[in-house]
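Just so you know, the protein sequences line up as chains L and H, in that order.
Going by the working numbering, the first sequence opens with residue 1, and the numbers climb by one from there.
Going by the working numbering, the second sequence opens with residue 1, and the numbers climb by one from there.
Keep in mind that the hints were calculated from the coordinates and are not lab data.
This one's a predicted model, so the numbers in the text were calculated from it and none came from an experiment.
Just to be clear, a hint being listed does not mean it is correct.
[What the hints assert, rightly or not] Taking lysine to any residue pairs in the SDA-like style, the calculated list, with each CA pair at most 25 angstroms apart, reads: (1) H:44 / L:68; (2) L:151 / H:173; (3) L:194 / H:44; (4) H:151 / L:180; (5) L:77 / L:246.
Number of protein chains: 2
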Amino acid sequence: MTKQQLFEQIKKKQSFLCVGLDTDINKIPEHLLETEDPVYEFNKAIINATAPYCVAYKPNLAFYESEGVKGWMSFEKTVAYIQQRFPEQFIIADAKRGDIGNTSEMYARTFFDEMKVNAVTVAPYMGEDSVKPFLVYPERWVILLALTSNKGSHDFQLTEDRNGERLFEKVLRVSQQWASDGQMMYVVGATRGKLFEDVRKIVPDHFLLVPGVGAQGGSLEEVCRYGMNKSCGLLVNSSRGIIYADSSEDFAYTAEQEARKLQQEMREMLEMYL
Amino acid sequence: MTKQQLFEQIKKKQSFLCVGLDTDINKIPEHLLETEDPVYEFNKAIINATAPYCVAYKPNLAFYESEGVKGWMSFEKTVAYIQQRFPEQFIIADAKRGDIGNTSEMYARTFFDEMKVNAVTVAPYMGEDSVKPFLVYPERWVILLALTSNKGSHDFQLTEDRNGERLFEKVLRVSQQWASDGQMMYVVGATRGKLFEDVRKIVPDHFLLVPGVGAQGGSLEEVCRYGMNKSCGLLVNSSRGIIYADSSEDFAYTAEQEARKLQQEMREMLEMYL
Chain L
1 MTKQQLFEQI
11 KKKQSFLCVG
21 LDTDINKIPE
31 HLLETEDPVY
41 EFNKAIINAT
51 APYCVAYKPN
61 LAFYESEGVK
71 GWMSFEKTVA
81 YIQQRFPEQF
91 IIADAKRGDI
101 GNTSEMYART
111 FFDEMKVNAV
121 TVAPYMGEDS
131 VKPFLVYPER
141 WVILLALTSN
151 KGSHDFQLTE
161 DRNGERLFEK
171 VLRVSQQWAS
181 DGQMMYVVGA
191 TRGKLFEDVR
201 KIVPDHFLLV
211 PGVGAQGGSL
221 EEVCRYGMNK
231 SCGLLVNSSR
241 GIIYADSSED
251 FAYTAEQEAR
261 KLQQEMREML
271 EMYL
Chain H
1 MTKQQLFEQI
11 KKKQSFLCVG
21 LDTDINKIPE
31 HLLETEDPVY
41 EFNKAIINAT
51 APYCVAYKPN
61 LAFYESEGVK
71 GWMSFEKTVA
81 YIQQRFPEQF
91 IIADAKRGDI
101 GNTSEMYART
111 FFDEMKVNAV
121 TVAPYMGEDS
131 VKPFLVYPER
141 WVILLALTSN
151 KGSHDFQLTE
161 DRNGERLFEK
171 VLRVSQQWAS
181 DGQMMYVVGA
191 TRGKLFEDVR
201 KIVPDHFLLV
211 PGVGAQGGSL
221 EEVCRYGMNK
231 SCGLLVNSSR
241 GIIYADSSED
251 FAYTAEQEAR
261 KLQQEMREML
271 EMYL
């Protein structure tokens, strides 16, 4: 999917919501546990309920890997289901991979050749040759970690170099030499508020994937005020706030309500800041 | 496995070799492709041939994930095989994971609870709370990326802060507050030569996992001269130089020769520098 196509979806749905499919078998409603693949059944119900209100899905690989082979099957089936039923959705494999060149090539092959997801999250620590193998696939995206939403992000990402440039700023600046805003996005946590201004000074046109609204306490309004650009430029993720909003048999209905609520807030933001 | 137990194995075998099981289905001998699980059959043969000469195995997850569900099965079977046949071997899941707390917990559960590997490689970019969930398992290890062997490591890892501290040095220094040298190791590439001296100034007692000897051009002698400590403190990895030394039906025999050759060099290094 191209940047323009993604923006078209956002305008059409008046939403830049990404639903995080962080599906933990220990947290899904009991009645699904009798099915053959409870994680997949749960995901299908969540996807059917939320698809009208979002433009992207982001399964986090950790949650699938924790179930080993069975988890990988749930993951593959979930991706295939979205692609068949909702081909307009942007699928992000939240994998935070990154390794030496020949190894990153293998990861790229997995996610882009086999699974055909639209984007993969990648960690920047190992530098250019760990990221580039993901960039040889046209219309597939790398979403590079820049400034994450967690407390530990302070340990290294905010370290200033001799010229006062912080590490996340260097990641934003240097990585722009590797690909254009048609293939690269950045992770910037919603808990960052005004720091979005600093991010936008370096990457005015890129899309940002923004986790941390909801359970982690980030403000949607602040993210939009400081982070939105003329192509929207934001994919705001919510995981727990949608998929675990209700642990009863009505979970899908409640997920729909929560997704719709966010979509309505997003429509207002688009009217205000786009 | 404790640090002391690992050191005992090193002394017993006069080796600190780690064999990297980066098994690519496109590179394994043709005659194995007719078997039900060629990757597993290849690994078994390599393990049987090299076990006397090494103290650790390091399957890199990328190579297994690229085969999807089938690859995960090969990975799980390989780990189980080593644990049954060679329980004295230290198993490293080279996964380079790292995510926000609740997600890292899932990864930790996968590798330590389910697979029961001895160690996982973890990326430091997201900081303390992305690493700590791996540290609640006694006698299980985190191997944190510090100074990697690839060219791209120059992009960020060598960036100096205001006090002249380079990022990899900050990672070494700060992360020591998270765990002792009984649970933490660091990845330092063999291509670093004299930089091992700088590493040892900060982490004199820790074990280092050292990739990059062989195909990537690092010198074993230099690594030992500048990096060995009184508990050896080194696990030197070779992947391609051993497992793909020969693509004929004799691949396991050749792998054995290559592993033995490295073990003999390592014995000399232990005599010289320990």
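For this session: Verify the proposed pairing of residue 194 of chain L with residue 44 of chain H, using a straight-line Cα cut of 25 angstroms.
Result: violated, 54 angstroms
For this session: Measure nothing beyond the straight line between the CA atoms of residue 44 of chain H and residue 68 of chain L; if it is 25 angstroms or shorter, mark the hint as holding.
Result: Since the Cα atoms of residue 44 of chain H and residue 68 of chain L sit roughly 20 angstroms apart, the hinted pair holds (cutoff 25 angstroms).
Exercise. Is the straight-line distance between the alpha-carbon of residue 151 of chain H and that of residue 180 of chain L 25 angstroms or less?
Worked result: holds, 22 angstroms
Exercise. Are residue 77 of chain L and residue 246 of chain L close enough, with their CA atoms no more than 25 angstroms apart?
Worked result: With a Cα-Cα distance of about 24 angstroms, the restraint between residue 77 of chain L and residue 246 of chain L holds, given a limit of 25 angstroms.
For this session: Assess, step by step, whether the Cα of residue 151 of chain L is no farther than 25 angstroms from the Cα of residue 173 of chain H, and give holds or violated.
Result: holds, 18 angstroms
Against the hints set out earlier in the document, a violation occurs for number 3 only.
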